[in-house]
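J.: Protein sequences, first through last, are from chains A and B. Every position in the first sequence, counted from 1, becomes a number in this note's numbering once 25 is added. The letter at position 38 of the second sequence is residue 21 when you use this note's numbering, and the numbering goes up by one with no holes.
For the record, the hints were derived by calculation from the structure and aren't laboratory data. Think of the CB as a built atom: it goes at the ideal place given N, C-alpha and C, for glycine as much as any other residue. Some hints here could point you the wrong way.
Here are some of the chain A residues that sit facing chain B, going by a computed Cβ distance under 7 Å [as the list claims (entries may be wrong)]:
| # | residue |
| --- | --- |
| 1 | Asn431 |
| 2 | Leu432 |
| 3 | Gly435 |
| 4 | Leu445 |
| 5 | Gly448 |
| 6 | Leu450 |
| 7 | Thr505 |
| 8 | Gln553 |
| 9 | Asn556 |
This is what each chain is made of:
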Amino acid sequence: MAGSVVRRSAETRIPSAPNPVALWGLALAGVGAAGVSFALALTNDHVREPGLQATLVVWMTLPYIFGGLIAWWRRPESGFGLLMIAAGFTIFLSSLGWATAAIPHTIGQAFDLLPAALFIHLSIAYPSGRLDRSFERALVVAAYTTAFGLELIGMLLGGFGPDNLLGVADEPGAAEFLLRFQLVALSAFALAAIGILAIRRRAEGRPLRRSRSLLIDSFALGLVMIALLFMTAAFDAGGFETIRRLTFLVLGLAPVAFLSGLLDARLARSSVGELLVKLRADPAPTELRNALARALRDPSLSLAYWLPQFGCYADLDGRPMQLSVQNGKRATTVINREGAQVAALLHDSSLSDEPELLQSVTAVAGIALENGRLHAELRARLDELQGSRVRVIEAEQKERQRLERNLHDGAQQRLIALSLELGVLEERPEADPYVRARLDQARQQIAVSLEELRDVAHGIHPAVVSGHGLAVALEQLTATAAVPVRLTVSLESRLPERLEVAAYYVVSESLANVGKHAQASSASVDVQRANGQVFVEIRDDGVGGADTERGSGLRGLADRIEALGGQLRVWTPLGGGTRVRAEVPCV
Amino acid sequence: MRVAIAEDSVLLREGLARLLGEEGFEVVAQCETGEELLREVRGCRPDVVIVDIRLPPTHNDEGMRAALEIRAHHPSVGVLVLSQYVELGLAMQLLTDSAEGVGYLLKDRISHVKEFAGAVRRVAAGGSALDPIIVSTLLSRRRSDDPLGRLTRREREVLELMAAGSSNQGIADKLVITLRAVEKYVSSIFGKLGLPSSGSESRRVLAVLMFLRS
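Bound conformation, chain A alone (with noise of 0.2 Å):
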């Protein structure tokens, strides 16, 4: 069971694993920034309770590196675990303001806000990392702005205190207003971003897995308490402290949401083991996809076959199926079977975060997604092959159409105006007997002529029927049966030409039948529309016994029925009359 997995993605070029020298290189920095910021907390004179502030520092830098190298290493492909990681280092680098060293501390201070930002340009840009609309990248270009470039604008003022080794100016009144101005505008940034993931929201309905919507979830809080953590700074309201601690905590969630939510995939991954057991079952094609939907636990996917003769997509079905284009809440995996494509996976797009498991759940599927991929197939042959008999008959019908069409307007009018102006001849008081008689005479011949003519142009196309419809071409002919025939068509409208043509052979060609071979003493005919199909039923109390295969007719009367998609039966049990009746689709 060789299956291969390529998944679709906005760049052509998937970024290969990252170095694992590079993951552990970080890794290790991780740790040891985290120690750092650890004991500048516990050795600073100003820090409060500096136990828990050096725990709830370490708490906020390890998740975020440690969740951004796994990120990174499992989706290289992704921005995402790249901007975790840097998030854990700038808490780090903010954390320097504890440092009592000029050096650090200035460097600390220049970095203090910068964390806010972060988590704004973090909190929007999941789950791919990217920001696919303007004013999104507008926002997180503010939310820098303010946070780092007015910083150090403000440090240059000569805020901050004597450790700020920025100063160039002395104008501390100009650097708090500027500060104050900060803090306002990324609590509003803040604000702005819980805005964003609300739309998406809206638009998106919950995310699939539990553990992507909880990660969402605490990627607002966090963004509320940024908001309300800075709106109690910029305003030196009281409990200043508390928050802080609290805000620790809340934005410490988010990366151990993102990692428990990696534990689930992992998890999920014994489906894989049920499904195997079913498809040894060997199900049915049409179970397939349930199957597959219970596995991957999507209950939105949807199994598309590639059918390489009709170069496109189509359901089980093998009507054509349009891949919808990559977007935020669906994704396309297409499945690739010893080189060639078989079908693809439409599915949530939270499932590209489970590449493992959507890789081992259509390696298991391999085969019995190329059974499924040919039943497609044969429906789809089978569709063009109904298509095809269609068009051959309504090709018929439009020569035979023609036909009748020529001698209407040519031979028969011709030989009408002949006929015409032999009668007027004949009238003519200078004409003697002699003249008369050979004159009605050869109106005679023209009359068995054109009754000749009117019998084969009938035969080729029943003109009534396109002109008039079923209901009244239907009385001269059962009027004209060899046995008193009841009549009941209810139709409310006319039917569609080819329908109405099909159905008026069946009735001529029964009611021929029940003459030629019934023996009946009475026939009915009903024709009648419901539920989107056309009945045509011919009864009579003949002999029954017909044979349905020889003479009869009634195989080229299947066929025009089967071409429209329609069913004829015949019941002809000896002694007990015969039955014919046609069903066809109309919608």
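Knowing the structure of chain A, use the given hints to seat chain B on it.
T.: Here is chain B on its own, set in the frame of chain A:
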């Protein structure tokens, strides 16, 4: 007597016009389409129109539609429909409400100049003219417990002519019998078929047709 013709074959249209002219009709309009005919009927008020059942543009039911429209909105104008094929269903559509001033003939009939002219006159005067094929279709129709079986051969001949729209005088001329004899046959037929014998000739036609159709 003023006649309007709607027929898309030029050959036939002009032949018809000439024939009708020679038979003493005044041909007031020659049209190619049903629309044109309806305009002419409103404009020059003919006594009778002769309309081909298949007219442009689609040659499906335009002629029939024009005929039904004239019957509905200009009841004083006689309508004689000509067709290549004769269909019972179409005849029944034309006769839905009454048999007054209506005719439905196979196109071939026009070569029997005198009979055709007679039919046009009858329809113009509010009578009817039905193709013998319609009548024979109805008469040939098998039915259980057939009251037609009780008719004599002569009565059957009279019935056929009556159903086709002939007047008593017309029947008398055709069968070379006296008017009195025709009247006797007619009342005998109505008695045997159980139909009320009162009413005009065209009512009589309708009654007989409806009886035969049922």
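J.: Does each hint hold? Answer for all of them.
T.: Consistency of the hints with the structure:
no.: 1; hint: Asn431; verdict: violated (12 Å)
no.: 2; hint: Leu432; verdict: violated (9 Å)
no.: 3; hint: Gly435; verdict: violated (10 Å)
no.: 4; hint: Leu445; verdict: holds (4 Å)
no.: 5; hint: Gly448; verdict: holds (4 Å)
no.: 6; hint: Leu450; verdict: violated (10 Å)
no.: 7; hint: Thr505; verdict: holds (6 Å)
no.: 8; hint: Gln553; verdict: violated (18 Å)
no.: 9; hint: Asn556; verdict: violated (27 Å)
Hints 1, 2, 3, 6, 8 and 9 from the list above are not met by this structure, while the remaining hints are.
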